[in-house]
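Enquirer: Single-letter residue listing:
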Amino acid sequence: MVNELRELFRYRYLLSQLVARDIKVRYKNSFLGFFWSLANPLLQVATMTVVIKYVMLLEIPNYSAYLLVGYLPWMFFQMALLDSSQVVLSHRDLLRKVYFPREVLPLSVVAANLIHYVLALVVFFAYLLFYRLFLHGAPIRITVLWLPVLMALQTALVIGLAFFISCLNVFYEDVKYLLTVLLNVFFYLTPIMYPAELVYAKLNSPLLYRLYLLLPMNALTDAYRKTLLPPISGLTIKETPIHSLPLDYGALAAAGALCVIIAVTGYAFFNARKWVFAERV
Amino acid sequence: MDCAINLNNVSKSFVVMREKHASLKSALLSLRRNRPERVLGLSGITLSIAHGETVAIVGKNGSGKSTLLRIIGRVYRPTAGTVQANGRMSTMLALAAGFHPELTGRENIYFNGAIMGLGSAEMAAKIDRIIDFSELNDFIDSPVKTYSDGMLMRLGFSVAVETDPDILLIDEVLAVGDAEFQEKCYDRIDAFKRAGRTIVFVTHDLEAAKNVASRAIWMNAGEVVADGDTVQVVAQYLNSVVHIEHASKENV
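Residue numbers (this note's numbering), protein chains in the order written: chain R, 131 to 411; chain P, 56 to 307.
Excised from the complex, chain R in its bound form (with noise of 0.2 Å):
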C-alpha cells in the first residue's frame, strides 16, 4: 500500500486536474453555476421547516439551523456516493487507452464534492453570524474547532465507501440502484430531521442507543449540531421534555476509528481490483 500511495502522490497533478475538470464542467454552461449546488440543500430545508412549523405545527425553536447542520454534512455524503457509483464507468475511453493510478477517480469525485460542502458551509456560517449578532446577540462558540475534525472523520469515511461503490458498480451495476435505495432509508435513518436526543428517549436504552451511534454518519451528524449549534432547548413530546445530552466523545471516537478503518479497506479493496477495470468496462 506504500509503493501504491507514493505513485498516488506522484500523479496528484492529474488529481487536481480532474477535480477542476469535473466543477467546470459541471458550471460551464449554466448562468448561476455554483449557486445550483447551494439552492438545492436551502430549498429543501426551507420547505421541510415550513412543513414542520407551519402544516404539521410542531414548535421547534430555530428548527432551520438545526436541519441545515445535518443536511449540508449528508449532501456531501450523499452526492460523493452517487457521484462514485459512475465515475469508473464513465471514463471507460482513458481507462482503456492509458496508465494511471486508478483511484485518482474516486478522489476526484470526493474531493469535488468536499469543495461543494465547504462552500456551503460557508454560506451556513453566514447565516449563522447574521442570525446570531442580530437576533441573539451570541457568537460562534468555541468548540466549532472541532470542525475540521469531524470533516475529516466524515472525508475518510466517504473515500472508503466511494472506493467500495466505485469499484464494485464495475462488475455489478446493481449497486448504483441499491445504494439510491440505501441512501433514502439512512435519510431517515440519520439524525438529520430530528435531533439524536429524541432516538435516546425513544430507545430507552444506553446500550442500543451506543449501537446507534456506532454508525458513523449517527455520531458524525450529532457531533455537527453539537459542536455547531448551543444544546436544543424547549423541545417537547407529548409534553414530556427532552433534555439535550452532551456531545458522547466515547461514541465519536468509535465511529471515527470504524471511519478510518473504512478508509483503508475500502482502498485495499478498491487496488486489489483495479487493474481488471480496464478489461471489463
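Keep in mind the hints are simulated off the structure, nothing from the lab.
Fair warning: there could be bad hints in the mix.
[Stated by the list, open to error] Computed spacing ranges between beta-carbons, pair by pair:
| hint | chain 1 | residue 1 | chain 2 | residue 2 | range |
| --- | --- | --- | --- | --- | --- |
| 1 | R | Ala383 | P | Leu102 | 32 to 38 Å |
| 2 | P | Asp196 | R | Phe164 | 19 to 25 Å |
| 3 | P | Glu235 | R | Thr310 | 50 to 56 Å |
| 4 | R | Phe255 | P | Glu235 | 56 to 62 Å |
| 5 | P | Val296 | R | Phe164 | 56 to 62 Å |
| 6 | R | Val252 | P | His259 | 31 to 37 Å |
[As the list claims (entries may be wrong)] DSBU-like cross-link-like pairs, simulated, lysine-lysine; straight-line CA separation at most 30 Å:
| hint | chain 1 | residue 1 | chain 2 | residue 2 |
| --- | --- | --- | --- | --- |
| 7 | P | Lys181 | R | Lys154 |
| 8 | P | Lys239 | P | Lys115 |
| 9 | P | Lys115 | P | Lys181 |
| 10 | P | Lys200 | R | Lys154 |
Ideal placement from N, C-alpha and C gives every residue a C-beta, glycine not left out.
Using the hints, position chain P against chain R.
Expert: Relative to the frame of chain R, chain P by itself:
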C-alpha cells in the same frame, strides 16, 4: 539489460462474460454453475525493444496488436510473464479518450499532460511549445467541441510528442492533418528517434509503417509470427493475406 521495453514470456487471457456487466442476480444464481470462460489474448510473447527503436505492430483485427500495446503501456496486467519498461512512457490518445469537448484546447493540454504523469511545473514549462507545434494558437482558448477531427489529432500528437516521453505508444493514429503537417510529424518523429526515444505503434497503414518504423512485429492469434526488418515483415504479412484470399476464392 539496457532495453526500453522487455517482455518475458508474457501471456494474457481475458474472462469473457456473456453480458459484460453481469447483474448481481445472475452472479448469485450462477455462483455454482458455469465458470466464466477464459479466452487467450496473448500467449508466450518474448521480445525486447532497444532505446531509439521505432517499432510497428501489424496484423489483422483481433490478432492481439492492441492487447500487446496495452500490456506494454501497463493498461492490462499480464496473466503470466513479466513486463519491464525503462523510462517515462506516454500514450498518444485517440480522439474521444483524452479530450473533454466542453473544455478549451489549453485546458485539455494540461489535462493530457497530467494523465501522462507530468506535474504542474513541467506542464507550465512545456505548454507554449505544445501550442506552437500544434499550430492551433488562434483556437487554443475555444472549447474543443468546435475543433475538426484533424485539429484534435494535431492537438493530441503535439501533447504526446512535446511532453518528451522516453517511450511513446501510439494506437492507430498517424494520419494527422494535411500533408504539410504530416511532413512535420514525420520530421518530429525522426528527431525523436535520433534523441534515443522509443516509439511503438499499432497500425493498419502499412505504408506508414514502412516510412516510420525500422522494425515490425507481425501478430496473429495472440502470437508473434514474424519480427524484424519492416520491409521484409510487411512483405511476409501481405503475402499471407493474399494467400488467404486466394484460398477463400478457390473454396467458393
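Enquirer: Does each hint hold? Answer for all of them.
Expert: Hints and how they fare:
1. A hinted range of 32 to 38 Å is violated for the C-beta pair Ala383(R) and Leu102(P), which are about 56 Å apart.
2. Between Asp196(P) and Phe164(R) the Cβ separation comes to about 22 Å, which falls inside the hinted range of 19 to 25 Å.
3. Checked against the hint of 50 to 56 Å, the C-beta distance between Glu235(P) and Thr310(R) comes to roughly 53 Å, which is consistent with it.
4. Take Phe255(R) and Glu235(P): their Cβ atoms lie about 59 Å apart, and the range 56 to 62 Å holds.
5. The beta-carbon spacing between Val296(P) and Phe164(R), approximately 58 Å, falls within the hinted interval of 56 to 62 Å.
6. Evaluation of the 31 to 37 Å hint for Val252(R) and His259(P) yields a failure: the beta carbon distance comes to about 55 Å.
7. Proposed proximity of Lys181(P) and Lys154(R) is supported: the alpha carbons are some 23 Å apart, at most 30 Å.
8. Our distance criterion of 30 Å between C-alpha atoms is met by Lys239(P) and Lys115(P), whose separation comes to about 29 Å.
9. Among the hinted pairs, Lys115(P) with Lys181(P) is inconsistent with the structure: their alpha-carbon atoms are about 37 Å apart, more than 30 Å.
10. At most 30 Å may separate the alpha-carbon atoms for a hinted pair to count; Lys200(P) and Lys154(R) meet this at roughly 15 Å.
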